[in-house]
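Just so you know, the protein sequences line up as chains A and C, in that order.
Each residue of the first sequence is one higher than the last, beginning at 1 in the working numbering.
Each residue of the second sequence is one higher than the last, beginning at 1001 in the working numbering.
Hints in this document: simulated from the structure, not taken from any laboratory.
One or more of the hints may lead you astray.
Unchecked claim - Some chain A residues near chain C, calculated using beta-carbon distances under 7 Å:
1) Leu3
2) Ser5
3) Gly6
4) Ala9
5) Ala30
6) Tyr31
7) Leu34
8) Asp37
9) Gly58
10) Val67
11) Ala70
12) Arg72
13) Gly73
14) Arg75
Glycine included, C-beta positions come from ideal geometry on N, C-alpha and C.
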Amino acid sequence: MRLISGLRAMWRNIAHRTAVERELDDEVRAYAELLADDFRAKGVSAQEAHRAARAELGGVESVKEAVRQAQRGARLRSWWQDVAFAARVLRRSPSFTAATVGSLALGIGATAAVFGLVNALQLRTLPVSSPENLAMLRLEGPRCCRHTGRNRQVSLPLWREISRQLANDQQAFAGLFAFADTRFNLAPHGEVRYVEGLFVSGDFFTVLGVQPVLGRILTSDDDRPGCTGAGAVISHALWQAEFGGRADVLSQTLNLRSGRSPIVGVMPPEFLGVETGRRFEIALPLCASGFDRADHWWLAVMGRLKPGWSPQQATAHFATLAPGLLQSASPPTYSAEMARDFLTLKFSVHPAHNGVSVLRTQYREPLWILFAVAGLVLIAACANVASLSLVRSTAREAEFSLRAALGASTPRLVRQLLVEGVVIAVLGAISGLVLAHFAQEGVLALISTPTDRIVLARGPDWRLFAFTALLIGLTTIAFAIAPAVRCREWKLGGTNNRLTSRRSHVYAREALVGVQIAMSVVLVSAALLFMLTTRNLLAADRGFRVNDLLFAHVFMNDTDPPRERRADVQRQLVARLAELPGVAAVAHASTPPLVGTTWGIVLRVPSANGEIKAEANRNQVSAGYFDAMQMPLLAGRQFNDGDTTSSVKVAVVNETLVRLFLAGVNPLGRRIMDGDDSFEIVGVVRDSKLYSLREPFRPIAYTAASQFAPPSSTVRFVVRTATGAVPGVDGVRRTLAEIVPTAGVRFGTLSEVVNASMQTERLMASLSMCFGAIAILLAAVGVYGVVSCSAATRRREIAIRLALGAMAPHVMRAVLGRVLVVGLIGLMAGALMTIPAASLARSIAYGIDAGDPRVLLVVAGIILTCGVVAAWLPARRAVRTDPLIALKTE
Amino acid sequence: MVSYRASIGTTSTRKGFAVADRRAALLQGTLDLLILKALSAGELHGLGVSRRVEQITDGTFVVQPGSLFPALHRLEEAGWLTSDWQPSENNRRAKYYRLTKAGRRQLGQETAQWNRISLAIARALET
Chain A
1 MRLISGLRAM WRNIAHRTAV ERELDDEVRA YAELLADDFR AKGVSAQEAH RAARAELGGV
61 ESVKEAVRQA QRGARLRSWW QDVAFAARVL RRSPSFTAAT VGSLALGIGA TAAVFGLVNA
121 LQLRTLPVSS PENLAMLRLE GPRCCRHTGR NRQVSLPLWR EISRQLANDQ QAFAGLFAFA
181 DTRFNLAPHG EVRYVEGLFV SGDFFTVLGV QPVLGRILTS DDDRPGCTGA GAVISHALWQ
241 AEFGGRADVL SQTLNLRSGR SPIVGVMPPE FLGVETGRRF EIALPLCASG FDRADHWWLA
301 VMGRLKPGWS PQQATAHFAT LAPGLLQSAS PPTYSAEMAR DFLTLKFSVH PAHNGVSVLR
361 TQYREPLWIL FAVAGLVLIA ACANVASLSL VRSTAREAEF SLRAALGAST PRLVRQLLVE
421 GVVIAVLGAI SGLVLAHFAQ EGVLALISTP TDRIVLARGP DWRLFAFTAL LIGLTTIAFA
481 IAPAVRCREW KLGGTNNRLT SRRSHVYARE ALVGVQIAMS VVLVSAALLF MLTTRNLLAA
541 DRGFRVNDLL FAHVFMNDTD PPRERRADVQ RQLVARLAEL PGVAAVAHAS TPPLVGTTWG
601 IVLRVPSANG EIKAEANRNQ VSAGYFDAMQ MPLLAGRQFN DGDTTSSVKV AVVNETLVRL
661 FLAGVNPLGR RIMDGDDSFE IVGVVRDSKL YSLREPFRPI AYTAASQFAP PSSTVRFVVR
721 TATGAVPGVD GVRRTLAEIV PTAGVRFGTL SEVVNASMQT ERLMASLSMC FGAIAILLAA
781 VGVYGVVSCS AATRRREIAI RLALGAMAPH VMRAVLGRVL VVGLIGLMAG ALMTIPAASL
841 ARSIAYGIDA GDPRVLLVVA GIILTCGVVA AWLPARRAVR TDPLIALKTE
Chain C
1001 MVSYRASIGT TSTRKGFAVA DRRAALLQGT LDLLILKALS AGELHGLGVS RRVEQITDGT
1061 FVVQPGSLFP ALHRLEEAGW LTSDWQPSEN NRRAKYYRLT KAGRRQLGQE TAQWNRISLA
1121 IARALET
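Let the sequences and hints guide you as you build the complete structure.
And the structure:
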């Protein structure tokens, strides 16, 4: 009751301030008049009665003020007054406000941008019911998963075993599901139009607990072995983009290259799948994939743990189930040795509340490094703002002394300063968040490629709010604390000890400049390191020429052309494509560099002392491949038309394979074996990169596509165009339409792929360059400020020295001396800080040691140059001032 | 509610609420109690409350406007008093205060507490 009436009063006091004030005024005046009436009744004259009433009242304003103080919400109002006052003060000095808010916006923006990405990628949980019990079931073992990329670990037969176990012996999971990411082609023929998709087991949506906005989810009834025309669930985004959000979508059919699928349901907009950084548009049941080979590892398994089960307990539980599961799913195609290895694999269970992500693993380190780097930028920004606030607090000494003298208590003055600090920090944070939004867009654009768009859920969530609030608090403390401490000096009314206070304040500013310089050293070293890494990767020897190479991946139907004609069609295509104007050479390969699918083999090389077995890579190529890639042949011959299915199988190997397995012998004429195939080595080709630019050269055995029949329905062409020629996409498309009109095609250039493969490096290089530039800018402003301030306080001294005949350079040395010492100390501190920073960055650096002293020397050079320029400008101005004018103005 | 137990020994810093003969320390909350008591007989305007307090304490307490108004507003905001504008006895407009139900309850509680405390202190001083 009392609380409610109190709140009502507070609302009235704040919302209806004018009415409350008017009534208060009326009331006090009425009191005065009643009092005067009293006096008059006692026989006092009218004039005298008024005077006596006023005297007894003790001042209308002071009574009203006492009431205001007692009113509910008075404290709130006084805080609000402080904020309003702070806003007025800041508006009065726009340059100070712009400089501080700008610095903080850069610092907070950098930190919040990176935190937003860390949050989206590492911390956010999946938008499903109780994400905390989700767990991932993985296969692990010493020779596990050589053939797997991404999350693919389990074959369809193994998954069927696991789900059968789920019904029988398994106790850890309340539900399990399997899924695989894939792409679906929406274009029935011609140039492909891919959308991201999922193959999911029947329980996928049920276990995740996702409800459709339209239609139904897939169930285990949809996922029957050998299903045809299985239903598809589509994403909200696809529903909007392809079907205009119409409700009749449920009567539509998706015309995929793999077959027609009726749409049975639409997912809610926030559900993007279970992989962070990737979204799905279409989900089909596993049975629609047709991949049921026991040695085809393509599924990931996740599940929901039963209450009370930890991932560790579940791992232990699965250890007892593993032998049976693996035994029954062991691929019949495996050799005895591989089967033995397969049976030693173990299952492990990992928490998956935030989904699975390749991106997360790929960017874990880079993001944390960037986070640390952004933190340094924030520290440098805070140092800058602290330094500016110190200067300003000196300028406002008179104002604060006056307010202290008028009775403002020290806590009240400190509060005022803190409120000003908070206002600056909040303004900085708001502009920082806006910056961060655009920065994140930029980062996502940088790490996305046309074929691999990265989508992160970045909406506001409590972590981001908490983090921003934390930043505001920390930055306010960081820069408002120094002036607040100095409040006590003003309270003492100390204009007398101005000299000492000023000196301590110069020390503080110099220390802040030292901090800024140290931060810049670290940041600029990081920028330089990542720039060199990018340059080294770009300049690294790849073994083939990157420019002027077009990829054309052709996807033929299973039936048209018929299998037996495929080889003819391929030959025809190569011949016709080679005739196109501007085309220098055409070939195809199973694994074109950086884009093909991995084809790891266990190579057997007979030698004098038995058989060598080793892992190698195989690439099945057409005759002109080495010419098209411009990979020089070192010995022997290339493949030619004489290599046919009936001739002896031949291979061309690369230098690394020779070095590893055939050292010291002439490789030509030797035999190598892969499975049942035996090849005679007929040539040696130069090393080249296969899957990524960073990896060392791998041993590669090239085999002739013409010796294997029937060829696969997917052909990856490489088309070398004449230098400067327009990539003949149109020509290739026309030729294809003439020869195999039903085929799909996807184009790309090798240089695009090379660029895309350097996403992480370019991200690190461009962001750290931005951060480094910001840090240098802030440090330069700091140096400039300290020198011009100290020159201003010493103007009189400088003027006298100049007037007495001192040489300008000499005086300048005196002005610059201190800041130079501070700068050198900062440089050294920064150099020390790069040691732990280097160990962080080592995993990303390429072709350069993260702790290379030469990098540090260059950085020191850059920062010293900037610092000297920033210090020299105000110093020169100081000594150029006419001593007479300087002394007069003093 | 102001606790007497907690405030024993503190001096009232409100200017203007003074014992008539000299500015003596007074227990905080006493003013509130006296105002509630003054209004228990019926509605009064500000000056009326002041006069009534003076009267019922035989002139021992003179409540001055600088403490009267804040106290009246505080009590009203707590929901113990309610007010409206009425013509006064000599035909001026004045704001009249009246006890609410909650105010009457509060008066009862505070009176009981005050009696307990004053009894305890009187006993303590006798021994």
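Against the structure, the hints:
| no. | hint | result |
| --- | --- | --- |
| 1 | Leu3 | 9 Å, violated |
| 2 | Ser5 | 3 Å, holds |
| 3 | Gly6 | 6 Å, holds |
| 4 | Ala9 | 4 Å, holds |
| 5 | Ala30 | 5 Å, holds |
| 6 | Tyr31 | 5 Å, holds |
| 7 | Leu34 | 5 Å, holds |
| 8 | Asp37 | 5 Å, holds |
| 9 | Gly58 | 5 Å, holds |
| 10 | Val67 | 5 Å, holds |
| 11 | Ala70 | 4 Å, holds |
| 12 | Arg72 | 5 Å, holds |
| 13 | Gly73 | 9 Å, violated |
| 14 | Arg75 | 14 Å, violated |
Checked against the numbered hints above, the structure violates hints 1, 13, 14; every other hint is satisfied.
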